Amino acid sequence: MSEVDAAQAPTPSPAPLDMPPPSPSWWRRVARWLRSTNPIVVTTLAFVLSIAVGGLLIVFTDTPTRKAARYFFSSPGDTFSRAWHAVSTAYIALFEGSVFDPHISSHASVWQALNPLSETLLNATPLILAGLAVGLAFRAGLFNIGVQGQLIIGVVFAGYAGFAWNLPAGVHLVVALVAGLVGGALWGGLAGWLKSRTGAHEVITTIMLNYVAYYLLGYLLSLDGFKRSGSNQAISRIVDSNARLPKLFPSPLRVHAGIIMALLAAAIVGWLLTRSRIGFQLRAVGANQNAARTAGMNVGRNYTVTLLLSGALAGLAGCSQILGTNTAVTQDIDAGIGFTGITVALLGRASPGATVLAGLLFGAFQAGGVTMQSRTGTPIDLVTVLQSIIVLFIAAPALIRSAFRLRGAADTSSQQLAKGWNG
Amino acid sequence: MSALREESAPLVKAPEVVEVPASRNARLVSGSVLIVVGLLCALGLGLGSHAGYDARFGLSPAGAAIKIPALAVPARVAAIVLGALVIVFGVWRIARGFSRKAMRWVVAISIVAVVFSFLCWSCTGSQGTTLDLLGLLRQTIFLAVPLILGALAGVVCERSGVINVAIEGQMLCGAFAGALLGSITDSTAIGIVAALVAGGLIGLLLALFAIRYLVNQVVLGVVINLLALGITGYVYDALMAKDQNTYNTPPGLHAINIPGLSDIPIIGPLLFEQNLIVYAMYVLIVVIDLALFRSKWGLRTRAVGEHPRAADTVGINVRRTRYVNVIVGGVIAGLGGASLTLGSALPFGKNMTNGKGFIALAAVIFGRWSPRGAVGAALLFGFADALQNVLSFIGTPVAIPSNFLAMLPYLATILAVAGLVGRVRAPAADGEPYVGR
Numbered sequence: 001m002s003e004v005d006a007a008q009a010p011t012p013s014p015a016p017l018d019m020p021p022p023s024p025s026w027w028r029r030v031a032r033w034l035r036s037t038n039p040i041v042v043t044t045l046a047f048v049l050s051i052a053v054g055g056l057l058i059v060f061t062d063t064p065t066r067k068a069a070r071y072f073f074s075s076p077g078d079t080f081s082r083a084w085h086a087v088s089t090a091y092i093a094l095f096e097g098s099v100f101d102p103h104i105s106s107h108a109s110v111w112q113a114l115n116p117l118s119e120t121l122l123n124a125t126p127l128i129l130a131g132l133a134v135g136l137a138f139r140a141g142l143f144n145i146g147v148q149g150q151l152i153i154g155v156v157f158a159g160y161a162g163f164a165w166n167l168p169a170g171v172h173l174v175v176a177l178v179a180g181l182v183g184g185a186l187w188g189g190l191a192g193w194l195k196s197r198t199g200a201h202e203v204i205t206t207i208m209l210n211y212v213a214y215y216l217l218g219y220l221l222s223l224d225g226f227k228r229s230g231s232n233q234a235i236s237r238i239v240d241s242n243a244r245l246p247k248l249f250p251s252p253l254r255v256h257a258g259i260i261m262a263l264l265a266a267a268i269v270g271w272l273l274t275r276s277r278i279g280f281q282l283r284a285v286g287a288n289q290n291a292a293r294t295a296g297m298n299v300g301r302n303y304t305v306t307l308l309l310s311g312a313l314a315g316l317a318g319c320s321q322i323l324g325t326n327t328a329v330t331q332d333i334d335a336g337i338g339f340t341g342i343t344v345a346l347l348g349r350a351s352p353g354a355t356v357l358a359g360l361l362f363g364a365f366q367a368g369g370v371t372m373q374s375r376t377g378t379p380i381d382l383v384t385v386l387q388s389i390i391v392l393f394i395a396a397p398a399l400i401r402s403a404f405r406l407r408g409a410a411d412t413s414s415q416q417l418a419k420g421w422n423g
Numbered sequence: 424m425s426a427l428r429e430e431s432a433p434l435v436k437a438p439e440v441v442e443v444p445a446s447r448n449a450r451l452v453s454g455s456v457l458i459v460v461g462l463l464c465a466l467g468l469g470l471g472s473h474a475g476y477d478a479r480f481g482l483s484p485a486g487a488a489i490k491i492p493a494l495a496v497p498a499r500v501a502a503i504v505l506g507a508l509v510i511v512f513g514v515w516r517i518a519r520g521f522s523r524k525a526m527r528w529v530v531a532i533s534i535v536a537v538v539f540s541f542l543c544w545s546c547t548g549s550q551g552t553t554l555d556l557l558g559l560l561r562q563t564i565f566l567a568v569p570l571i572l573g574a575l576a577g578v579v580c581e582r583s584g585v586i587n588v589a590i591e592g593q594m595l596c597g598a599f600a601g602a603l604l605g606s607i608t609d610s611t612a613i614g615i616v617a618a619l620v621a622g623g624l625i626g627l628l629l630a631l632f633a634i635r636y637l638v639n640q641v642v643l644g645v646v647i648n649l650l651a652l653g654i655t656g657y658v659y660d661a662l663m664a665k666d667q668n669t670y671n672t673p674p675g676l677h678a679i680n681i682p683g684l685s686d687i688p689i690i691g692p693l694l695f696e697q698n699l700i701v702y703a704m705y706v707l708i709v710v711i712d713l714a715l716f717r718s719k720w721g722l723r724t725r726a727v728g729e730h731p732r733a734a735d736t737v738g739i740n741v742r743r744t745r746y747v748n749v750i751v752g753g754v755i756a757g758l759g760g761a762s763l764t765l766g767s768a769l770p771f772g773k774n775m776t777n778g779k780g781f782i783a784l785a786a787v788i789f790g791r792w793s794p795r796g797a798v799g800a801a802l803l804f805g806f807a808d809a810l811q812n813v814l815s816f817i818g819t820p821v822a823i824p825s826n827f828l829a830m831l832p833y834l835a836t837i838l839a840v841a842g843l844v845g846r847v848r849a850p851a852a853d854g855e856p857y858v859g860r
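Chains as they are written, first to last, in the numbering used here: chain A, 1 to 423; chain B, 424 to 860.
Please note that a few of the clues may not be correct.
Claimed, not checked - As a list, the in silico SDA-like pairs of lysine to any residue whose alpha-carbon atoms are at most 25 Å apart:
1. A:Lys227 <-> B:Pro824
2. B:Lys773 <-> A:Thr63
3. B:Lys665 <-> A:Val53
4. B:Lys665 <-> A:Phe60
5. B:Lys665 <-> A:Phe80
6. A:Lys419 <-> B:Arg791
7. B:Lys773 <-> A:Ser374
8. A:Lys419 <-> B:Ala733
9. B:Lys665 <-> A:Asp332
10. B:Lys665 <-> A:Gln373
11. B:Lys665 <-> A:Thr63
12. A:Lys419 <-> B:Gly859
13. B:Lys773 <-> B:Phe565
14. B:Lys665 <-> A:Ser88
15. B:Lys773 <-> A:Asp332
16. A:Lys67 <-> B:Ser610
17. B:Lys524 <-> B:Ile708
18. A:Lys67 <-> B:Asp609
19. A:Lys419 <-> B:Gly796
20. A:Lys67 <-> B:Thr669
21. B:Lys665 <-> A:Thr79
22. B:Lys490 <-> B:Ile817
23. A:Lys419 <-> B:Glu855
24. B:Lys665 <-> A:Ser374
25. A:Lys419 <-> B:Arg742
26. B:Lys773 <-> A:Gly55
27. B:Lys665 <-> A:Ser81
Calculated directly from the structure, the hints in this document are not laboratory data. Since the structure is predicted, the reported quantities are computational estimates derived from the model, not experimental observations.
Start from the sequences and build out the full structure, keeping to the hints where you can.
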């Protein structure tokens, strides 16, 4: 990766003869690139730092390690070997659950060997969509913390269309997807409308709408007609097979067409932002709302439209959950995607392409975390810690630069992503 | 010396503020809302409650020395009269309009009227239902304690110009550290100190990234919340859940009756039979309210939050002021977290703050960044929360699903931020990092 970039770098203009060689060798250029503040280096270092912090957390809470630490001074090696064991097994399981597992039996099919990757894609699907939702709003200077609520309402709409109606194959899926999209868009647009009409800050309203959506779902799950009849648990009826996103590969692999939908959505968002009138206005409002207003743009309507679109993407994330990964609506259908989506958008720096990569990375974390928890007993909350630390470091490039003595431009401020209360 | 200079009387008398009257359109909208709410109150709650039944409100605790008889109000009459009052407000608003200050009172009185009508209606489900009003208010205080402390944390932090979305994480860490260290040492004192330190550490993290590394503060707050959620959740699963007896049975604070004051009927059992954290909260409310507007620290804090460059010019250390305020805010929020575990002897649970920090943040905004306003808003949200607890016990005339009751505080917050407050003005430099000259 780095060599390729270095090779593509423009060759320096030939130096005058009397000035001895400023043309550095390729490895010097690589070294210089490695020590500069560019997104790839910063992301890698943030990743490494998060792994280190996570390792400390594992060590401090690991029972064998703490037992060995009681006789640390008589046999310090014990403590270190226990600590190493705890950390390495956890991280190896994280890798095996998300990329490749060498422990599968020799007569397993190729499909089984691909299972970890399939799980990664499966987990990445809603994360990419949620990350796009948050990122799109960031571009307009809005912070949509309400992906959770929008996703829930999307799930309710898509799920209801999926199990209550009887439609032919193909049509049913499209109808359910549109329903989920509309549900999320309505819930997001509500926050945008409130902001444009009353000035209520979207950070507060979207958080509150999350809770409202959560309890609304709880209410629906107690209603006959929504709830599965004959079940004591709060679970909805099962989505009709016509309305499900088709699986992409044979049986053990769970990855479904949602991932294609997510990639398409990323492409559309990319097009929207850079090539369309809506995207231009959206970015203009995000860059400087006063200038945008002076140029004749309707800033208030822009807020509504942005959160409508953002909510629609969140609704699609809900579709992936209810029409693909699961088959029935439950109270915890959100599975923390709303908030992980924020970290995905931050890691992806609100650009659609990078958001896809960030979604894949955090999807891998999520998939590996399940394996890690079941194999080594390390709680899956470690993944949340890793994700938030990565994003924390990425948000502060100045910190990374001073910690690793990187050289770089004097750009110390992070991107203008969200506005303060007066914004 | 510097305090003298800072507080010397202004030479120029401030010009009288001329208020721009609300536009006709705005009056029409807010007036119609009042009329509709009044109609709903009079017709829905008034006619919806049983004609002959009285709403009875209990006002003294079970074992009180001086018994106060329960207050009995004819429910239907009360709701119709109060509804009519709100309608009159609405008509007056459209016809003549209120000044901005009067409108605030009108809104407050209308809320009280509608809530009281609702309470009247809710105990007419069957003859002789008594709503324990004192219990409701006690629970309001109990539920409002973390909200009030969180809101004070937000005020202290945001008045100095740093947005604090991380109240949730500070409270969660306070609750967590209080439970963990309180359980290990079996000492409430150490538990509380641990909670304060944990809240302060998250405050330090916020301050460091916001002030030194200039990270966007809203985003930063959300990420810190996630980090707090992850770390506490991890340690809970890895340590506390495996051995609840050792690590997660925090000792509870005892209620202390203040001699004399606790014997006053209604107010005594309501305010003066509380635990140490609640008394600390009283002190904090008074101290912060006074200090913010009457002390050197308060003047500097406000100066740094409104116009850091000007503050810098007169020699105030902007960054240090902000560091101090953000960390102090974290400590106060940590105390709020401790009230969840140590204050009620409850074990820590994953994500046990469950949005309380965000509601506290909403209280800061609803209260317009003033300590009094924030406390009032926090009490309102606490009341909404307590109401849903109480209503799930007494049988209302029409059953209200528990999920809708659970939504109340959140809906109240949205209404508060959107409808009642309108466009608020935060401290001018809130969220703006100060880079210096």
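To see whether the hints hold, each was checked on the structure:
1. A:Lys227 <-> B:Pro824: holds, 15 Å
2. B:Lys773 <-> A:Thr63: holds, 20 Å
3. B:Lys665 <-> A:Val53: With Cα atoms ~23 Å apart, Lys665 (chain B) and Val53 (chain A) stay inside 25 Å; holds.
4. B:Lys665 <-> A:Phe60: OK: Lys665 (chain B) and Phe60 (chain A) at ~15 Å, within 25 Å.
5. B:Lys665 <-> A:Phe80: holds, 23 Å
6. A:Lys419 <-> B:Arg791: holds, 18 Å
7. B:Lys773 <-> A:Ser374: holds, 19 Å
8. A:Lys419 <-> B:Ala733: holds, 23 Å
9. B:Lys665 <-> A:Asp332: With a Cα-Cα distance of about 24 Å, the restraint between Lys665 (chain B) and Asp332 (chain A) holds, given a limit of 25 Å.
10. B:Lys665 <-> A:Gln373: holds, 14 Å
11. B:Lys665 <-> A:Thr63: OK: Lys665 (chain B) and Thr63 (chain A) at ~10 Å, within 25 Å.
12. A:Lys419 <-> B:Gly859: Roughly 21 Å separates the two Cα atoms, so the pair holds.
13. B:Lys773 <-> B:Phe565: holds, 21 Å
14. B:Lys665 <-> A:Ser88: Judged against 25 Å, a Cα distance of about 22 Å means the pair holds.
15. B:Lys773 <-> A:Asp332: holds, 15 Å
16. A:Lys67 <-> B:Ser610: The hint holds at about 24 Å.
17. B:Lys524 <-> B:Ile708: It holds: about 23 Å lies between the C-alpha atoms, which stays within 25 Å.
18. A:Lys67 <-> B:Asp609: holds, 21 Å
19. A:Lys419 <-> B:Gly796: Within the cut-off at roughly 23 Å; holds.
20. A:Lys67 <-> B:Thr669: OK: Lys67 (chain A) and Thr669 (chain B) at ~15 Å, within 25 Å.
21. B:Lys665 <-> A:Thr79: holds, 21 Å
22. B:Lys490 <-> B:Ile817: Answer holds: Lys490 (chain B) to Ile817 (chain B) is near 22 Å, not above 25 Å.
23. A:Lys419 <-> B:Glu855: holds, 9 Å
24. B:Lys665 <-> A:Ser374: holds, 15 Å
25. A:Lys419 <-> B:Arg742: holds, 21 Å
26. B:Lys773 <-> A:Gly55: Holds - the C-alpha atoms of Gly55 (chain A) and Lys773 (chain B) are around 21 Å apart, at most 25 Å.
27. B:Lys665 <-> A:Ser81: At roughly 23 Å apart (the allowed maximum being 25 Å), Ser81 (chain A) and Lys665 (chain B) satisfy the hint.
Consistency with the previously given hints is maintained throughout, with no hint failing.
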